[in-house]
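S.K.: Protein sequence lines correspond, in order, to chains R and E. When the count follows the UniProt record's numbering, it moves up by one through the first sequence with no breaks and lands on 304 for the last residue. When the count follows the UniProt record's numbering, it moves up by one through the second sequence with no breaks and lands on 273 for the last residue.
Hints in this document: simulated from the structure, not taken from any laboratory. Computed from a predicted model, the values in this text were never measured in an experiment. Glycine included, C-beta positions come from ideal geometry on N, C-alpha and C. Heads up, a few of these hints could be off.
[Stated by the list, open to error] To be clear about the criterion: a stretch of chain E counts as covered by chain R if any three or more of its residues have a C-beta under 8 Å from a C-beta of chain R, and this derived list gives those stretches:
id, stretch
1, 37-43
2, 86-93
3, 111-119
[Claimed, not checked] Among the chain R residues that face chain E by a calculated CB cut under 7 Å, a handful are:
id, residue
4, Gly83
5, Asp84
6, Trp86
7, Ser128
8, Pro129
9, Ser187
10, Pro190
11, Leu192
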Amino acid sequence: MTSDVSSRDGLTDQDRPAGAGVDGPDAGEELPTPAARNAVLRWTLQAFSAVWRPGLLLILLGVGWWVVTAAEMFPAYLVPTPGDVWATLLEDREMLATHTWVTTYETVVGFLLAALIGMVAAVLIVYSPTLEKALYPLILFAQVIPKIAIAPILVVWFGFGPTPKIILAVLIAFFPVVVSGVAGLRSTDPALLDLSSTMGASRWQTFRKIRFPGALPHLLSGLKVAVTLAVVGAVVGEFVGADEGLGYVLLLASGNLNSSLLFADLILMSALGVALFVLVEAAEALLIPWHASRRQAIPMTTTS
Amino acid sequence: MTSETAAEPGEHGSQTVTPTIDVHDLTCTFRSKRQSTTALHDVSLRVGAGEFVTILGPSGCGKSTLLKIIAGLVPPTTGHVDLLGGRVREPQRDIGFAFQRAALLEWRGARANILLQAEMRGMDKHTAAERADRLIELTGLTGFEDALPHELSGGMQQRVALCRALLHEPPVLLMDEPFGALDALTREHMNVEMHRIWRETSTTVVLVTHSIAEAVYLGQRVVVMTPRPGRIERVYDVDLPQQRDYGATMSSTTFETLASEIRAILGASAHNG
Chain R
1 MTSDVSSRDG
11 LTDQDRPAGA
21 GVDGPDAGEE
31 LPTPAARNAV
41 LRWTLQAFSA
51 VWRPGLLLIL
61 LGVGWWVVTA
71 AEMFPAYLVP
81 TPGDVWATLL
91 EDREMLATHT
101 WVTTYETVVG
111 FLLAALIGMV
121 AAVLIVYSPT
131 LEKALYPLIL
141 FAQVIPKIAI
151 APILVVWFGF
161 GPTPKIILAV
171 LIAFFPVVVS
181 GVAGLRSTDP
191 ALLDLSSTMG
201 ASRWQTFRKI
211 RFPGALPHLL
221 SGLKVAVTLA
231 VVGAVVGEFV
241 GADEGLGYVL
251 LLASGNLNSS
261 LLFADLILMS
271 ALGVALFVLV
281 EAAEALLIPW
291 HASRRQAIPM
301 TTTS
Chain E
1 MTSETAAEPG
11 EHGSQTVTPT
21 IDVHDLTCTF
31 RSKRQSTTAL
41 HDVSLRVGAG
51 EFVTILGPSG
61 CGKSTLLKII
71 AGLVPPTTGH
81 VDLLGGRVRE
91 PQRDIGFAFQ
101 RAALLEWRGA
111 RANILLQAEM
121 RGMDKHTAAE
131 RADRLIELTG
141 LTGFEDALPH
151 ELSGGMQQRV
161 ALCRALLHEP
171 PVLLMDEPFG
181 ALDALTREHM
191 NVEMHRIWRE
201 TSTTVVLVTH
211 SIAEAVYLGQ
221 RVVVMTPRPG
231 RIERVYDVDL
241 PQQRDYGATM
251 SSTTFETLAS
261 EIRAILGASA
271 HNG
């Protein structure tokens, strides 16, 4: 994801498809097409401007990779060629899809639980000093304990199914949610709280209409970190004891020195993380279009 | 002190609610770990229904604290406040409060920000919408109903905050340096509008400011406070015509005499302090 500054200014003329003007709000002046088509075009341009830079870098890396393998600097069982990996991805697509689905399921459930638990913990911490004193040390403890160290116990307790992976994903992902949630809820303007009490608002009303929406920018930052960590949690869980999932495939491929499968699996893991991250970003764009980090429109200032 | 009793309600006090705000021997001390600060010392003040009182003083004279105690947002150390005939013990609902910062919800448009007042109070939606529209028109916000706070200028944000404070037609409006963050020109403009709105709504207004011009232009009475400890130095009656033209008022002899007298008092206290 690029910032809107670069998407607005970073395009040079040759980067733009022919006929397109600027990708800013005034594109309509140069393109006398119907508004709907215009919007689609603008969206495409924005998506393109967001994707082309990392895309280019990725292609360059791919070329570098290809050069390394083509020059046979390393034996093929250590570093496979991009072609081999691509072939593996195609050949084993059904098997890989099943395992990707398993890891996705564990990650998403773990992330959602982490988000829920993290938000509830943040609310409790902010609203009750007693609970803050009781909860914060425990939460910190849960954060600093190495998750990989707990994984074997979880497998002993919950078996080879998805449960221990989900628990690990929750454990690893909920800390940033708590921290960002607490920061967000504490950032409420004290004047707004005073105002709210002169309006006779209940605690719940104040929370729902003032504190929670105001905490969203912080919270969403935490959720973005959490979703990428949830993938790590699920995969670590699969390493320790599983009979399905991308982590399991990785161990299998490693044991067989099947480097193509290893690389294909890694690519799928990263793609999963990126896809989930993009989903949370999209949620952010929908939930807090008003926030400074999301503003694109030119303010209509007036002198009064 | 010039006028200790409630001022004559005048043509605005058509309601028969008497002393709207009654402040009795208020003292407020804040204790921190290192020291205790007396924000207010023996402050007494009565404000009649429909009156416009301005509280003037340098920073640190406790004028904002006084306003917060009247609103029930801060408990006094000793003394008490009666508001609309009832003792103030908790945050008051029968008031409108406006702050130095507009304190708007960033994610709501101007109109939705104004209507927050109605939502929190559970007011009838239809009535609230009608009043909001009237206030938007009254304050010249027409056309900016859906604009988010960051799309509005400082003056417009303050007007939205003012509309929000007035939506439930409170008998008392408390304003804590509402125009303090605005540039001089916008501020003058807002002063004129504030005066007009007060005349049209017959609300009791207490406005805290550190601008002598603002205090004298707006107030029927100007309460001058001095710091360390915060107390009322003097109260002035302002004898200016009800219909005020800004320029004419500013250059009138009455205004200039009063303003320089107040400036002298504040200057003297600054030297003593």
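S.K.: Compare the structure with each hint and give your call.
M.R.: Going down the list of hints, with the structure as the test:
no., hint, result
1, 37-43, "violated (count 0)"
2, 86-93, "holds (count 3)"
3, 111-119, "holds (count 3)"
4, Gly83, "50 Å, violated"
5, Asp84, "51 Å, violated"
6, Trp86, "46 Å, violated"
7, Ser128, "21 Å, violated"
8, Pro129, "18 Å, violated"
9, Ser187, "11 Å, violated"
10, Pro190, "9 Å, violated"
11, Leu192, "5 Å, holds"
Taken one by one, the earlier hints fail for this structure at numbers 1, 4, 5, 6, 7, 8, 9, 10, listed in ascending order.
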